[in-house]
Amino acid sequence: MSKTAPPTDVYRAIADPTRRSILDSLRETDQTAGEIAEGFSMTREAVSQHLKMLRDAHLIKSRQVGRYRIYTIDAGGLHDVFQWASTFSAFWDDRLDRLEVELANRRKSARKKKPRKSKN
Amino acid sequence: MATIRKTRVYPYSIDEVWECLTDSSSLGRWLMENDFRPEVGHEFCFRTDPVPGFDGIVYCKVLTIDPPKELSISWRGGDVDTIVNFKLTEVSGGTRLDLKQTGFRPVKQFVTWFMLSLGWRKIIRKLLANELDSKFGATGADE
Numbered sequence: 001m002s003k004t005a006p007p008t009d010v011y012r013a014i015a016d017p018t019r020r021s022i023l024d025s026l027r028e029t030d031q032t033a034g035e036i037a038e039g040f041s042m043t044r045e046a047v048s049q050h051l052k053m054l055r056d057a058h059l060i061k062s063r064q065v066g067r068y069r070i071y072t073i074d075a076g077g078l079h080d081v082f083q084w085a086s087t088f089s090a091f092w093d094d095r096l097d098r099l100e101v102e103l104a105n106r107r108k109s110a111r112k113k114k115p116r117k118s119k120n
Numbered sequence: 001m002a003t004i005r006k007t008r009v010y011p012y013s014i015d016e017v018w019e020c021l022t023d024s025s026s027l028g029r030w031l032m033e034n035d036f037r038p039e040v041g042h043e044f045c046f047r048t049d050p051v052p053g054f055d056g057i058v059y060c061k062v063l064t065i066d067p068p069k070e071l072s073i074s075w076r077g078g079d080v081d082t083i084v085n086f087k088l089t090e091v092s093g094g095t096r097l098d099l100k101q102t103g104f105r106p107v108k109q110f111v112t113w114f115m116l117s118l119g120w121r122k123i124i125r126k127l128l129a130n131e132l133d134s135k136f137g138a139t140g141a142d143e
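As given, the protein sequences belong to chains A and B, one line each in that order.
Going by my numbering, the letters in the first sequence line up with residues 1 to 120, in that order.
Going by my numbering, the letters in the second sequence line up with residues 1 to 143, in that order.
It is possible that part of the hints are untrue.
[Claimed, not checked] Sample of chain B residues at the chain A side, in silico, Cβ under 8 Å:
| hint | residue |
| --- | --- |
| 1 | R8 |
| 2 | V17 |
| 3 | C20 |
| 4 | S26 |
| 5 | R29 |
| 6 | L31 |
| 7 | N34 |
| 8 | C45 |
| 9 | F46 |
| 10 | R96 |
| 11 | L99 |
[Stated by the list, open to error] Quick list of in silico lysine-lysine cross-link-like pairs, DSS-like style, CA-CA up to 30 Å:
| hint | chain 1 | residue 1 | chain 2 | residue 2 |
| --- | --- | --- | --- | --- |
| 12 | B | K87 | B | K100 |
| 13 | B | K6 | A | K108 |
| 14 | B | K87 | B | K69 |
| 15 | B | K100 | B | K61 |
| 16 | A | K108 | B | K87 |
| 17 | B | K69 | B | K100 |
| 18 | B | K69 | A | K112 |
| 19 | B | K100 | B | K6 |
| 20 | A | K108 | B | K69 |
| 21 | B | K61 | A | K113 |
| 22 | B | K61 | B | K6 |
| 23 | B | K69 | B | K6 |
Simulated from the structure, these hints should not be mistaken for laboratory data.
Using N, Cα and C, we set each Cβ at its ideal position, and we do this for glycine too.
Using the sequences provided together with the hints, build the complete structure.
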């Protein structure tokens, strides 16, 4: 059995804004389900559902500490989804978009320095 | 070993694109902050925000430089050891950029940094694009 979640689970998990917010809040600090529920003014049941989806997608994991279950980001799960090649692929897509913006901005500022006869 | 290839055509002259590839402040705006100089053998770093496990530094060295056509740099950071090659060709309507990155080993720290820096909206868009690519782009293997 593969430990990696099918990518569609990951898409479904992060397609929801509430789950993305949960992930964002877990980036900063590990939290219990209760703390998460507090932060989002949701019922414990609703939070449990979201956490289950995130766990199934291997985006978070939990550990039991005393009577509390602490949730944390699962970097390993993210890594399984983003093979290094696909990550760099997305990285370069992003940066090559920015290169186009840079080209446009450079030309704009070059025009400013060297003004031509204006029509208006 | 894996290789990444990207091709873009920019509606700008080859000299303009070359300038963006080899001018340190320009690179800083579209790629990452750096102390690049266009000299073979020059060792430099790209710097970005650190995350746990990745200090945000990519260690590079200029391997080849052939103005205004080709630039190769080594690219080591997190736990990758790769070579990045940029090739420029004049085409009708602008300049074609062919980017190739040849690399080794997984790169968990870089992945984490990238995930955090890109933002969710883009991640979703790119995840889906990659997924579609792998489904319909390459060979479809039965599982």
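Cross-check of the supplied hints:
{"no.": "1", "hint": "R8", "verdict": "5 Å, holds"}
{"no.": "2", "hint": "V17", "verdict": "7 Å, holds"}
{"no.": "3", "hint": "C20", "verdict": "5 Å, holds"}
{"no.": "4", "hint": "S26", "verdict": "6 Å, holds"}
{"no.": "5", "hint": "R29", "verdict": "5 Å, holds"}
{"no.": "6", "hint": "L31", "verdict": "5 Å, holds"}
{"no.": "7", "hint": "N34", "verdict": "13 Å, violated"}
{"no.": "8", "hint": "C45", "verdict": "16 Å, violated"}
{"no.": "9", "hint": "F46", "verdict": "11 Å, violated"}
{"no.": "10", "hint": "R96", "verdict": "12 Å, violated"}
{"no.": "11", "hint": "L99", "verdict": "6 Å, holds"}
{"no.": "12", "hint": "K87(B) - K100(B)", "verdict": "9 Å, holds"}
{"no.": "13", "hint": "K6(B) - K108(A)", "verdict": "26 Å, holds"}
{"no.": "14", "hint": "K87(B) - K69(B)", "verdict": "6 Å, holds"}
{"no.": "15", "hint": "K100(B) - K61(B)", "verdict": "16 Å, holds"}
{"no.": "16", "hint": "K108(A) - K87(B)", "verdict": "25 Å, holds"}
{"no.": "17", "hint": "K69(B) - K100(B)", "verdict": "14 Å, holds"}
{"no.": "18", "hint": "K69(B) - K112(A)", "verdict": "28 Å, holds"}
{"no.": "19", "hint": "K100(B) - K6(B)", "verdict": "7 Å, holds"}
{"no.": "20", "hint": "K108(A) - K69(B)", "verdict": "24 Å, holds"}
{"no.": "21", "hint": "K61(B) - K113(A)", "verdict": "33 Å, violated"}
{"no.": "22", "hint": "K61(B) - K6(B)", "verdict": "21 Å, holds"}
{"no.": "23", "hint": "K69(B) - K6(B)", "verdict": "16 Å, holds"}
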